[in-house]
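In order, the protein sequences belong to chains Z and E. Per our numbering, the first sequence runs over residues 59 to 315. Per our numbering, the second sequence runs over residues -19 to 256.
Hint data in this document are derived by calculation from the structure and do not stem from the laboratory. Hints are supplied without guarantee of correctness; some may be wrong.
Pulled a few chain E residues facing chain Z out of the computed Cβ check, cut under 8 Å [said to hold, decoys possible]:
| hint | residue |
| --- | --- |
| 1 | G33 |
| 2 | Y41 |
| 3 | A44 |
| 4 | H155 |
| 5 | L185 |
All residues carry an ideal CB built from backbone N, CA and C; glycine is no exception.
Here is how the chains run, residue by residue.
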Amino acid sequence: MNPETEKSLFRALRYQDQPSLLSRPEFEGFATTDEILAAHADGRLTSAQQEWLTVALANSNILRQQWVALLESRETVAARQGVWRRFAMAGAAASVLLAGVLVFVNDPPQEFSPPASPMAESHPAPQARAQVDAPMRKQSSADQSFAFEDRAEPPQRPAAALAMPVPDWNGFMAVYAGDQAHLSDSPEGRFQALALSLRHLQQEDCSVAAAQTFLQRLTLSRQDYPAPLSPLEPGLTADACALGEQLIQMARQAVGQ
Amino acid sequence: MDWSSVILDPAFLAGLDRMAAKRFVQPALAEEAAAAMLDALSEADWQRLRAFGGKSAPATYAYAVAGRAMEDFARRRFGRPRPPQWLQEKGQAWVRLWRMLCLERQWPETLMQVLGKEFVDGLVREAIAVIKQRIPRCGEPGFSECCVTELGLEQLPDDAGDSVDQALARTQHKHALAVLGRLLNPADATVGSGPSDEEDVLNELIRRLALTADDRLLLSLSYEDGLSSRKIATLLETSAATVQRRLAGLHHQLEQALRVMGLADTTAAGEVNLES
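Bound-form chain Z, shown alone (with noise of 0.2 Å):
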C-alpha cells in the first residue's frame, strides 16, 4: 500500500465523534477538562471515563497536545517510576544489575502515580507499588558501601556502561529501534546482532526460539564486553525476558535517553 494512501485513511479514520468530555454523564462532577486529565495522569479515572477521554484525546490535537505537556512536566519522575516497575518485573535476578543502576534513581514523590495509559502493559495500583517499591528502596539503602546512591540528579552513566565504547551502544540503539543491523564478525557486528534478537525476542512475546537465540547472542557479546555485561547472566530461557528488560535499559541510560 502506497505510504500516503495509508496515512490520509489512517488520519481520517481516528475521529469519531463524540459530544464534549463534560457533557458526558461519566465526567458528572468534574468542572474542566483540566481536572479529566489530572485524573487521568494520576490514575484517577473509571474505565469507563478512561475509555471516553482516549476518544477525546484522539480526536482533539489542543487536548493531546496538553495531554503531552502534563506527561512531560514530570517525564523524569514518570521514567523513574518505569525503572522501577520494570525493575521489580524482573525480580530477584535484577538485584546484582541494580547495584549499577540505582545511581539514577531517586525515591519518586510519595504524591506521584504514574499517569494511566490504555495501552500501558502493567497498571500496578498506588499500594501495590509501594509494596514494590519498599523492599527495593530497603536494598538499596541497606547497601552501605553503594557510595552514590543518592546522586541521581542530573542522571549520570552508569559507570558499566561507561566501559564500552559509546558509539556500539549506539549502533545497539539504533538496530533495536529498526535500523538495519551491520552483522560482522566483531564486537560490534555481534553487539547490532544481538540488539536485533532482543528486537526479535520482544516482538515474539519472549517465544523459547527467541529467547534461544537471544541468550546465544547475551553469551558471545559478554564475552567481547565482559565489564559491561557481566551483570547480565545468561541463565533458562524463562529468564530471557527480563535480561531483555535490563539490557534495554543500560543501553537507553548509556545513551542518555
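Start from chain Z and add chain E according to the hints.
The following block gives chain E in isolation, referenced to the frame of chain Z:
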C-alpha cells in the same frame, strides 16, 4: 488549599521548566513561558486553580492548568493564524513545526537537536526544509501579521484553537475521500465515483476496522503527530516494540480491508499527488 506551597515548591517549579523547555527550545523563550505560566497560576489569588475538586493530586491539576496557560502565552505572544492548506494535509507534526519555526521564530538547528528524536526519523529535518522552501518569509520579524494576509489566511477567533482542530479534521476527511476516489477509479485520479460512493466506502472501512479508542489514539500519535515509536511508548507506558507491533497490525488490517473491498492500492510511494 494552600496553593502557594504547592506551586512554589522547587520540584513543581522544575516541572514547569521542563514543560517550557520542551515547548520552546530557545532558553530565553522557555524562561519567559515558565514565568508566564507562573503568573497565570498565581493571578488573582490563584483564581485559575479554584475549580480544583480534589479528583487528582493538587500539583497534577496545577500542571494541567499550566499547560493550557503555556499555549495561551504562545497565542498571545505569536498569534495563531490558520496554517496553509498543504500543511494541514501533512498533519499536526508539520503544523506544529511550522508554528515553532515561522511564527515563534525558534531556531531550526535547535529544533532538530531537541525534537529530532521525538519524531519519526528525518521528519523534523524534512519539514523544516520544505517549510522554508515553500514559505520564504517564514520566521521573519512580523511574519504572523504580514503573512496572514499575504497567504490569504484568516485570523481565527479566540477559541483556544478548537476551530483549528475542526478545520484539520475537515481537511483530512476530504483528503481521505479523494484517496478513496482514486482507488475507486484508478484510471482517472482526478475523478471519483461521486462523493456519496466515497463516503460509503469510508464508512465501510470504519465498520470493518472497528478501531478501539486505544487504536485511534495510537493512530493520532503516529500518523498525525509524527511521533517516534519510542516517544509514543513513553507516553503510553509501554515498549517501543509493542507500539511497532500494534501499528504493523493496523496497517495489515487496513490493507486487508481494502483488498476485500476490491480497493487494493498498487501505486508506489511518490506516485500519488492529491494536492491541488
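Here is how each hint holds up against the structure:
Proximity of E:G33 to chain Z holds as hinted, the smallest CB-CB distance being about 6 Å (cut-off 8 Å). For E:Y41, the shortest C-beta to C-beta distance to chain Z is roughly 4 Å, which falls under 8 Å, so the interface hint holds. Nearest Cβ of chain Z to the Cβ of E:A44: about 4 Å, under the 8 Å cut. The hint holds. Taken as an interface hint, E:H155 checks out: its beta carbon lies about 5 Å from the nearest beta carbon of chain Z, inside 8 Å.
A distance limit of 8 Å between C-beta atoms decides the matter here; for E:L185 the minimum to chain Z is near 7 Å, and the interface restraint holds.
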